[in-house]
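Engineer: Sequence:
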Amino acid sequence: GHPHPVWRMTSRVPALPRAVVVHVDLDAFYCQVEVGRDPSLQGQPIAVVQYNPFGDLRTILPSEPRIFNDSNGSLIAVSYEARAFGVKRNMRGDEARRQCPELQLVQVPTANGKADLTIYREAGAQVIDILARGGVCERASIDEAYLDVTEEALRRARRDHGRPVLPLNPEQCRVYGPDGVAGCEAWFSTPDWAWSDADELLAHGAAVVAELRHVVQTELGYSCSAGIAHNKLLAKLCSGLHKPQQQTILPESAVQRLLDPLMIAKLRSLGGKLGQQVAQVLGIETVGQLRAVPETRLRTLFGPETGPWLHRMARGQSSDRVQQRTLPKSLGCGKTFRAQNAIRTLQDVQYWLQQIARELAERIGSDRERNQRVPQTMGVGLSSHGDHVSRSCAMPGLSVESIASAGLALVRRWVAERAEWTVTDLYLSACNFRSIAACPSIATFFQSAAGEGGQGTQGLAPPDPRPDSP
DNA sequence: ACGGATAGCACC
DNA sequence: TGGTGCTAT
Ligand SMILES: Nc1ccn([C@H]2C[C@H](O)[C@@H](COP(=O)(O)OP(=O)(O)OP(=O)(O)O)O2)c(=O)n1
Ligand SMILES: [Mg+2]
1 GHPHPVWRMT SRVPALPRAV VVHVDLDAFY CQVEVGRDPS LQGQPIAVVQ YNPFGDLRTI
61 LPSEPRIFND SNGSLIAVSY EARAFGVKRN MRGDEARRQC PELQLVQVPT ANGKADLTIY
121 REAGAQVIDI LARGGVCERA SIDEAYLDVT EEALRRARRD HGRPVLPLNP EQCRVYGPDG
181 VAGCEAWFST PDWAWSDADE LLAHGAAVVA ELRHVVQTEL GYSCSAGIAH NKLLAKLCSG
241 LHKPQQQTIL PESAVQRLLD PLMIAKLRSL GGKLGQQVAQ VLGIETVGQL RAVPETRLRT
301 LFGPETGPWL HRMARGQSSD RVQQRTLPKS LGCGKTFRAQ NAIRTLQDVQ YWLQQIAREL
361 AERIGSDRER NQRVPQTMGV GLSSHGDHVS RSCAMPGLSV ESIASAGLAL VRRWVAERAE
421 WTVTDLYLSA CNFRSIAACP SIATFFQSAA GEGGQGTQGL APPDPRPDSP
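Mapping to the UniProt record's numbering: the first sequence position 56 is 56, numbers consecutive.
Everything labelled a hint here was simulated from the structure, so no lab data went into it.
All of these numbers come straight from a predicted model, not from anything done at the bench.
Misleading hints may appear alongside valid ones.
With a Cα cut of at most 30 Å, we get these calculated DSSO-like pairs of lysine-lysine [as the list claims (entries may be wrong)]: (1) K243 x K329; (2) K88 x K266; (3) K266 x K329; (4) K88 x K243; (5) K335 x K273; (6) K88 x K335; (7) K88 x K273; (8) K273 x K243; (9) K266 x K243; (10) K329 x K273.
FRET-style restraints, in silico, Cβ to Cβ [to be verified]: (11) M263 x Q347: 47 to 55 Å; (12) D260 x A194: 22 to 30 Å; (13) R299 x L16: 27 to 35 Å; (14) A265 x A437: 51 to 59 Å; (15) R413 x A437: 28 to 36 Å; (16) H214 x L57: 40 to 48 Å; (17) A292 x R413: 49 to 57 Å; (18) V281 x S253: 30 to 38 Å; (19) N69 x M263: 31 to 39 Å; (20) T422 x P294: 46 to 54 Å.
Glycine residues also receive a C-beta, built at the ideal position from the N, C-alpha and C atoms.
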């Protein structure tokens, strides 16, 4: 028979609507979490610093005073007030203070002899829970999420007969328009007859995003930025264009203008070795230059998968869907030991596995209560002489003791294969989660399936992909 | 001295 | 399945 249903090849079928994809990224996130806990820090230049001079041995609770302005660890988050002084992530405390004498340095909490990121994780989860009200929501990191708000945008387009209305807080809304970046007023005052379907959907999506950002701000006190475009690649690119506290719409007509002068490394997944290699092998720097390279040449140089993928990326095309997933797929924790403190005995391995297992067991326990799931697999990882190895096994139980001893057994097996070793990195992780939700009625089952693993209306859509770009 | 603690995914 | 390497925040 014919490989495709004939109707798909006719022009009588209306085109699927372009997806409205959003990337949301909290501003100076760990700093905002700390300001929320200590409002006296509001408006000041601050940075969050990880590492303490005693090797994280002393527990520092989230509720304790954690401002240590003589702290010399490295900065993992920097407020916008501090950035104005030239303070940057990865700077050391002393260097940062030279740039900004008023800088307030907040130390990450510690427990079990290691940094404890619980307060940031929980704040991130609160944000995700709000964003998920807007549509399909994918947790992308502790402070980022992708949303697919196509359905709500379509609903509004039908309700308002097209005609997007100016979003909430229009001064926080930018458009990459025909004359470069501009405020959104001009774009939103496009006459009714002049909107393209795709732009109209983006505009409605932008209104949804403005409302979600407003809820995050008022309910949690956190500001964020967002990008609104037709796919994840472009939405992510846009969310970073006007930080902080701004959202940016990228109409299809502006994609090429945005990409042409952009350094290749700015594209997600090209920020590392591959991006460097692409630029070097081709002797180019920008996405525009990459777009000029024939697909056949990219295929020859980078392979049958990577070549065409680069070709599409240079055109702002990416087809990976926004997944419905608000929870992390794995929980892990670990600690790095500087050369001097490197672990050289099994006794010390055992001690540190126990410490790390305390945190992991605690997190697995609260995750189980909150999310009705338990991990089926655990693993241990370590670095020795610069090489990283990992071993995994079935989850032996959820207690500190069972996790620590299973971890130790895995390490023993590894040690047995080696004459000499020195552990400079040790971590435990848990993954492969299974639901333990109480046996639900059919109706309840379908409800939670749509919320947890399902794809919402995305998943019910016809099998051919919703077009992201022409 | 000090570039830490996490997380997801492609690939074999 | 289990394991490594890359990319990212
Ligand atoms: N190498 C990194 C990068 C980030 N983070 C943490 C601290 C950040 O606050 C948070 C979010 O990372 P972002 O890259 O989004 O940076 P910020 O949110 O701090 O700032 P921005 O406003 O630029 O997004 O993740 C980290 O621990 N280590
Ligand atoms: Mg951020």
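Engineer: Out of the numbered hints, which ones does the structure contradict?
Structural biologist: 14
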